[in-house]
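Work out the full structure: start from the sequences and follow the hints.
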Amino acid sequence: MHRTTLSVPPFDSATPLPAIAHARFAIGDVVRHRSFDFRGVIFDVDPIFANSDEWYESIPESARPRKDQPFYHLLAENMESTYVAYVSQQNLVADDTDEPVDHPAIAGLFTDFADGRYTLRREHRH
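Residue numbers (UniProt numbering): 1 to 126.
Bear in mind the hints are in silico, worked out from the structure with no lab data behind them. For each residue, glycine too, the CB sits at the ideal point set by N, CA and C. Check the hints yourself; a few may be wrong.
Unchecked claim - Simulated restraints on C-beta separations:
id, residue 1, residue 2, range
1, 60, 121, 30 to 40 Å
2, 112, 66, 29 to 39 Å
3, 55, 34, 30 to 40 Å
4, 78, 55, 18 to 28 Å
5, 22, 59, 19 to 29 Å
6, 83, 50, 17 to 27 Å
7, 60, 115, 33 to 43 Å
8, 35, 81, 30 to 40 Å
Next comes the structure, spelled out in structure tokens:
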């Protein structure tokens, strides 16, 4: 498993900021949700929550994740559809199926799939 260290930029937010956020997963990793039946490939990482307050408030309070942790953007799939998901680190686990994700946007962002992870296209690296 890859570990990425992210420096936290200055945010104007009420969220307490850690000095450094440690991401358990990296771009290209295939993960699955801890509670819900979907999996996906990570295409971006936010060091802390960076979505709308409306999105956050729509999550039942008993299930709301902490904001002071990495959040991952996934090209996700379930049995019915493909979509983009935004998931907290505490709700993700590594996917051990070694199966590729079937999402139509993968070819635009990634090249090869090997050893359970995707390689980001050169033009998307920075």
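These are the hints, each one checked on the structure:
no. : hint                  : in the structure
1   : 60 to 121: 30 to 40 Å : holds, 37 Å
2   : 112 to 66: 29 to 39 Å : holds, 34 Å
3   : 55 to 34: 30 to 40 Å  : violated, 19 Å
4   : 78 to 55: 18 to 28 Å  : holds, 19 Å
5   : 22 to 59: 19 to 29 Å  : holds, 23 Å
6   : 83 to 50: 17 to 27 Å  : holds, 19 Å
7   : 60 to 115: 33 to 43 Å : holds, 36 Å
8   : 35 to 81: 30 to 40 Å  : violated, 18 Å
Hint compliance for this structure: hints 3 and 8 are not met, and every other hint is.
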